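J.: These protein sequence lines are chains A and B, in that order. For reference, each letter of the first sequence is one residue, going 1 to 573 in full-length UniProt numbering. For reference, each letter of the second sequence is one residue, going 1 to 573 in full-length UniProt numbering.
Do not rely on the hints blindly, as some may be mistaken.
Covered stretches of chain A (in silico footprint by chain B; criterion: 3 or more residues with CB under 8 Å from a CB of chain B, positions within the stretch not fixed) [what the hints assert, rightly or not]:
hint : segment
1    : 262 to 269
2    : 295 to 305
3    : 395 to 406
Worth flagging that the hints you see were computed from the coordinates, not collected in a lab. Computed from a predicted structure; not experimentally measured. Glycine is no exception: its CB is placed at the ideal position from the N, C-alpha and C atoms.
Spelled out, the chains give:
Number of protein chains: 2
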Amino acid sequence: MKPDMTRYFPILTWGREYNRFALSSDLVAALIVTIMLIPQSLAYALLAGLPPEAGLYASIAPIMLYAVFGTSRALAVGPVAVVSLMTAAALSNIVEQGTMGYAVAALSLAALSGVILLVMGLFRLGFVANFLSHPVIAGFITASGIIIAASQLKHILGINAEGHNLLSLTLSLVEHLSETNWITALIGILATGFLFWVRKGLKPLLMRLGLGGGLTDVLVKTGPVAIVVATTAAVWVLGLADKGVKIVGEVPQSLPPLTLPSFSPALLGQLIVPAFLISIIGFVESISVAQTLAAKKRQRIDPDQELIGLGAANIGAALTGGFPVTGGFSRSVVNFDAGAETPAAGAFTAVGLAIAALALTPLIFFLPKATLAATIIVAVLSLVDFSILRRSWTYSKADFTAVLATILLTLALGVEAGVSAGVGLSVLLHLYKSSKPHIAEVGQVPGTEHYRNILRHDVITDPAVVSLRVDESLYFANARYLEDKIQNRVAGDKAVRHVILQCSAINEIDLSALESLEAINDRLREMGVQLHLSEVKGPVMDRLKRAHFLSELTGKVYLSQFEAAQDLLKCPN
Amino acid sequence: MKPDMTRYFPILTWGREYNRFALSSDLVAALIVTIMLIPQSLAYALLAGLPPEAGLYASIAPIMLYAVFGTSRALAVGPVAVVSLMTAAALSNIVEQGTMGYAVAALSLAALSGVILLVMGLFRLGFVANFLSHPVIAGFITASGIIIAASQLKHILGINAEGHNLLSLTLSLVEHLSETNWITALIGILATGFLFWVRKGLKPLLMRLGLGGGLTDVLVKTGPVAIVVATTAAVWVLGLADKGVKIVGEVPQSLPPLTLPSFSPALLGQLIVPAFLISIIGFVESISVAQTLAAKKRQRIDPDQELIGLGAANIGAALTGGFPVTGGFSRSVVNFDAGAETPAAGAFTAVGLAIAALALTPLIFFLPKATLAATIIVAVLSLVDFSILRRSWTYSKADFTAVLATILLTLALGVEAGVSAGVGLSVLLHLYKSSKPHIAEVGQVPGTEHYRNILRHDVITDPAVVSLRVDESLYFANARYLEDKIQNRVAGDKAVRHVILQCSAINEIDLSALESLEAINDRLREMGVQLHLSEVKGPVMDRLKRAHFLSELTGKVYLSQFEAAQDLLKCPN
Numbered sequence: 001m002k003p004d005m006t007r008y009f010p011i012l013t014w015g016r017e018y019n020r021f022a023l024s025s026d027l028v029a030a031l032i033v034t035i036m037l038i039p040q041s042l043a044y045a046l047l048a049g050l051p052p053e054a055g056l057y058a059s060i061a062p063i064m065l066y067a068v069f070g071t072s073r074a075l076a077v078g079p080v081a082v083v084s085l086m087t088a089a090a091l092s093n094i095v096e097q098g099t100m101g102y103a104v105a106a107l108s109l110a111a112l113s114g115v116i117l118l119v120m121g122l123f124r125l126g127f128v129a130n131f132l133s134h135p136v137i138a139g140f141i142t143a144s145g146i147i148i149a150a151s152q153l154k155h156i157l158g159i160n161a162e163g164h165n166l167l168s169l170t171l172s173l174v175e176h177l178s179e180t181n182w183i184t185a186l187i188g189i190l191a192t193g194f195l196f197w198v199r200k201g202l203k204p205l206l207m208r209l210g211l212g213g214g215l216t217d218v219l220v221k222t223g224p225v226a227i228v229v230a231t232t233a234a235v236w237v238l239g240l241a242d243k244g245v246k247i248v249g250e251v252p253q254s255l256p257p258l259t260l261p262s263f264s265p266a267l268l269g270q271l272i273v274p275a276f277l278i279s280i281i282g283f284v285e286s287i288s289v290a291q292t293l294a295a296k297k298r299q300r301i302d303p304d305q306e307l308i309g310l311g312a313a314n315i316g317a318a319l320t321g322g323f324p325v326t327g328g329f330s331r332s333v334v335n336f337d338a339g340a341e342t343p344a345a346g347a348f349t350a351v352g353l354a355i356a357a358l359a360l361t362p363l364i365f366f367l368p369k370a371t372l373a374a375t376i377i378v379a380v381l382s383l384v385d386f387s388i389l390r391r392s393w394t395y396s397k398a399d400f401t402a403v404l405a406t407i408l409l410t411l412a413l414g415v416e417a418g419v420s421a422g423v424g425l426s427v428l429l430h431l432y433k434s435s436k437p438h439i440a441e442v443g444q445v446p447g448t449e450h451y452r453n454i455l456r457h458d459v460i461t462d463p464a465v466v467s468l469r470v471d472e473s474l475y476f477a478n479a480r481y482l483e484d485k486i487q488n489r490v491a492g493d494k495a496v497r498h499v500i501l502q503c504s505a506i507n508e509i510d511l512s513a514l515e516s517l518e519a520i521n522d523r524l525r526e527m528g529v530q531l532h533l534s535e536v537k538g539p540v541m542d543r544l545k546r547a548h549f550l551s552e553l554t555g556k557v558y559l560s561q562f563e564a565a566q567d568l569l570k571c572p573n
Numbered sequence: 001m002k003p004d005m006t007r008y009f010p011i012l013t014w015g016r017e018y019n020r021f022a023l024s025s026d027l028v029a030a031l032i033v034t035i036m037l038i039p040q041s042l043a044y045a046l047l048a049g050l051p052p053e054a055g056l057y058a059s060i061a062p063i064m065l066y067a068v069f070g071t072s073r074a075l076a077v078g079p080v081a082v083v084s085l086m087t088a089a090a091l092s093n094i095v096e097q098g099t100m101g102y103a104v105a106a107l108s109l110a111a112l113s114g115v116i117l118l119v120m121g122l123f124r125l126g127f128v129a130n131f132l133s134h135p136v137i138a139g140f141i142t143a144s145g146i147i148i149a150a151s152q153l154k155h156i157l158g159i160n161a162e163g164h165n166l167l168s169l170t171l172s173l174v175e176h177l178s179e180t181n182w183i184t185a186l187i188g189i190l191a192t193g194f195l196f197w198v199r200k201g202l203k204p205l206l207m208r209l210g211l212g213g214g215l216t217d218v219l220v221k222t223g224p225v226a227i228v229v230a231t232t233a234a235v236w237v238l239g240l241a242d243k244g245v246k247i248v249g250e251v252p253q254s255l256p257p258l259t260l261p262s263f264s265p266a267l268l269g270q271l272i273v274p275a276f277l278i279s280i281i282g283f284v285e286s287i288s289v290a291q292t293l294a295a296k297k298r299q300r301i302d303p304d305q306e307l308i309g310l311g312a313a314n315i316g317a318a319l320t321g322g323f324p325v326t327g328g329f330s331r332s333v334v335n336f337d338a339g340a341e342t343p344a345a346g347a348f349t350a351v352g353l354a355i356a357a358l359a360l361t362p363l364i365f366f367l368p369k370a371t372l373a374a375t376i377i378v379a380v381l382s383l384v385d386f387s388i389l390r391r392s393w394t395y396s397k398a399d400f401t402a403v404l405a406t407i408l409l410t411l412a413l414g415v416e417a418g419v420s421a422g423v424g425l426s427v428l429l430h431l432y433k434s435s436k437p438h439i440a441e442v443g444q445v446p447g448t449e450h451y452r453n454i455l456r457h458d459v460i461t462d463p464a465v466v467s468l469r470v471d472e473s474l475y476f477a478n479a480r481y482l483e484d485k486i487q488n489r490v491a492g493d494k495a496v497r498h499v500i501l502q503c504s505a506i507n508e509i510d511l512s513a514l515e516s517l518e519a520i521n522d523r524l525r526e527m528g529v530q531l532h533l534s535e536v537k538g539p540v541m542d543r544l545k546r547a548h549f550l551s552e553l554t555g556k557v558y559l560s561q562f563e564a565a566q567d568l569l570k571c572p573n
């Protein structure tokens with residue numbers, strides 16, 4: 001019973017070893033992360049189309065639940081940019097932003113996503129996430145970053161604009177451009193400029209002044225707090241809210257409320273696909289951060305338990321006024337760099353944010369939305385990385401196609417269509433590649449027992465013996481290709497008496513391929529040609545023995561290609 | 001220019017060599033096939049829900065066009081059972097059977113299918129058909145056979161019944177069972193019994209009487225003609241049509257008419273998916289017959305040119321009052337066995353059928369529909385073969401799952417849903433299998449240079465060196481699995497200093513897997529562990545050289561696993 005409990009409750013493992021050193025490290029990390037998270041949480045709530053306090057709430061219960069169930073020691077869970085964008089995209093199709101129904105639908109989306117993650121974790125279905133290939137993720141993140149940045153321009157300019165893909169957003173922005181509030185635009189552009197300078201200019205400056213890399217990074221991450229304080233003060237002192245600068249306004253002073261998502265079947269039906277995509281993408285983002293940080297301390301991450309941890313966190317978000325959450329890259333890195341030793345650091349962060357929600361919300365009454373938009377823009381533009389296009393072009397045209405399609409379709413059609421198309425395309429390209437495997441005709445390298453491609457090497461061959469090496473597992477998608485290849489090779493060449501299939505690279509033969517081999521065997525028999533196999537792997541041979549094929553095979557199965565060729569050359573029929 | 005012409009017009013090749021011997025062989029074959037095709041064509045038109053003459057028309061122009069464009073010397077093109085059933089299923093959802101619109105929609109379906117085949121042929125997309133795995137096809141054909149047989153019971157009993165899956169058909173049959181016309185039922189049951197006897201009883205009898213196998217087969221195939229003649233005569237002489245026996249009735253005495261399919265976008269939109277499925281399934285059936293027959297004479301089949309030939313045949317069907325056609329199994333085998341030497345036999349068959357359409361149609365006025373239904377039932381029940389379930393169960397549970405799902409879904413939901421689900425499922429199962437590849441930790445077989453699984457063999461290992469052999473190409477679906485495996489193996493074992501990946505079974509590394517290898521390399525470096533590769537294949541190495549990975553690799557790339565282990569044991573760091 002006990003090992004099972006620690007599997008599902010990792011807190012039992014690290015909680016038992018908790019000590020004063022870990023406590024002090026965790027408290028320092030929590031303080032730094034809390035300061036960083038306040039503006040970030042507010043901003044991502046804005047991005048998701050929700051009131052700012054939802055961002056704080058979404059960071060409190062989820063982070064605590066993850067501390068109980070998660071396996072990463074440093075992962076910080078809460079709202080992240082891409083998931084917030086996907087939340088806004090999913091909900092805007094269903095309910096109008098700003099209505100009560102919108103906030104309730106956000107709870108339902110988090111609940112649904114939590115249940116999906118939990119079920120995947122309990123049934124160990126984490127492998128589903130593997131179908132999101134790296135190029136698709138890279139393309140998707142880049143395109144999402146562009147859409148998110150574009151979607152925040154309306155706040156920077158103080159205008160209204162709608163849209164969930166680049167085209168509709170751009171058109172809407174251009175349409176409303178004349179309504180720009182110039183004071184808002186000034187704040188927005190200054191804030192954006194300042195934040196970029198903090199990243200690009202301040203960091204090298206501090207490094208040159210002799211500060212350590214870790215401390216510099218932490219200071220740079222608190223840049224948003226400085227601009228929040230500065231712009232809030234400016235709006236308050238100069239009374240800019242009366243001049244049309246949109247501000248955050250009244251935010252309830254409260255701990256996260258207990259909330260109940262709607263479980264109306266119609267709503268859940270509309271949310272199920274977005275919830276699934278949000279779950280998978282959130283999981284992929286989270287697990288890769290967790291793995292990277294765990295490796296630095298030689299710790300283990302259990303992907304299936306991570307699903308359970310993220311599932312619990314999302315259900316927590318649904319019950320406490322939040323929206324879908326996952327493990328975030330930047331917050332987790334800050335947490336790790338600031339010295340977090342255990343998930344307790346997360347719990348302390350949650351306490352810090354709860355205090356902020358209770359006590360500090362009056363202070364952000366005059367916080368301009370343009371400032372929050374600026375923090376979002378600067379954060380997401382660091383995600384935009386077109387180098388994946390160049391890298392994939394150099395490495396593989398199939399991967400390049402998948403990246404390009406994902407980027408273009410995400411920009412053109414929005415996040416859901418983009419990522420779905422990317423996954424579908426990468427699966428199709430993979431199947432296409434393996435449907436036309438490399439089949440080399442091989443011959444003996446003189447004086448050795450090695451056999452190599454006759455087109456690339458100077459090798460010995462015999463007109464009566466054709467040796468073919470298939471560089472791919474045989475399965476339904478390439479079985480008939482092999483039939484065609486062999487038929488074409490042998491049909492016109494009357495000298496051929498033996499065909500040897502060198503099976504050293506064949507890891508599997510499925511039933512379709514087995515039936516193709518039977519057909520090849522039958523057809524070669526009709527032509528008076530024998531079929532032989534060489535170098536069949538153990539597991540493949542085990543399986544072939546369960547079928548009739550070996551008893552019907554006109555030729556033999558040889559341990560090595562050399563042995564096969566020797567035997568057939570000795571006794572030509 | 002010339003070789004291109006013979007590629008697209010195979011008739012130029014065989015036509016040039018045509019001689020008196022081929023002519024007489026082809027004429028004999030054509031006579032036999034014509035006699036066999038008359039009842040079969042009428043029956044399949046009935047199955048497709050069309051007037052009987054459509055079956056004759058669908059065998060005339062298509063067979064001639066295939067003779068010009070097709071590469072098989074013996075393939076006989078025309079209506080076949082499964083495609084006729086799919087035609088009925090596709091059209092019944094859109095227009096009412098028996099109306100003019102139904103016949104026009106059948107033309108559109110044939111035209112659409114022809115265009116799809118032609119485009120696939122011209123762009124060499126024949127590999128798409130490979131995604132229909134053998135188990136899925138076997139399951140689909142079996143389930144279709146059952147549905148077809150069930151759909152003909154209404155003609156046997158002389159009642160009305162509707163439905164395109166087993167459940168709805170059965171319910172409808174039971175509902176109308178009390179309306180059974182007993183004279184029709186008598187004719188239907190006698191005809192069915194006679195045809196079964198011809199197959200099971202007459203054939204052994206003739207063989208025992210000393211007739212050759214080929215001649216026996218031909219005689220057996222003409223059984224349907226005998227029962228057509230007998231029952232038509234009975235109905236005519238005894239005046240059974242007046243007693244409620246449904247007969248074929250008046251069939252126009254005419255050559256195939258020139259017809260124009262409807263190109264209404266709404267109709268084409270509804271037909272595009274069925275047309276695609278019909279094209280693919282028809283192509284798969286046709287190509288496997290063609291390959292089997294070609295092998296017997298050591299001839300070549302060009303799959304892409306076959307697509308063009310079948311495409312032309314279907315367009316021909318659309319323009320001459322037919323419906324979708326393909327190369328049929330039984331008619332092609334009869335053609336081959338009867339001695340057809342070239343596609344000219346097909347052209348002569350077309351002439352024979354044209355004469356039948358012109359002159360013989362008054363003779364089938366009194367032909368009972370029950371007789372045609374009986375010929376269909378006996379033909380399709382020979383397609384029903386549940387042994388695929390047993391075979392796939394023994395060989396591979398994944399293949400078994402795909403077969404079972406295809407059979408059950410086809411029976412439950414109909415042909416389109418069944419085959420689509422089967423294809424989807426077999427792709428998913430394939431991806432699932434390759435997403436969890438076999439990864440063996442290997443050690444040295446004492447006294448040799450061979451490395452084998454440490455779990456299966458008594459081998460030498462070193463605590464500082466972990467050697468892993470991955471038995472699968474690395475791509476996005478299994479890249480993260482490898483990351484997890486390596487992290488789990490190394491994270492808890494502080495003694496490990498080197499990880500060697502033996503790449504002998506890796507035929508491809510895609511960009512996702514490359515980035516996973518980079519992540520593995522980075523994480524191992526954090527743990528103070530070096531990553532090495534051994535036995536990387538040429539094409540994989542070529543590609544790796546285009547990326548940065550090799551320069552970042554903490555360890556080396558070795559030609560053999562033995563060399564790698566020797567080197568690392570000599571100089572431990």
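J.: For each hint, tell me whether it holds in the structure or not.
T.: Right, here's what the structure says about each hint:
1. 262 to 269: violated (count 0)
2. 295 to 305: holds (count 7)
3. 395 to 406: Satisfied; 4 residues make the cut.
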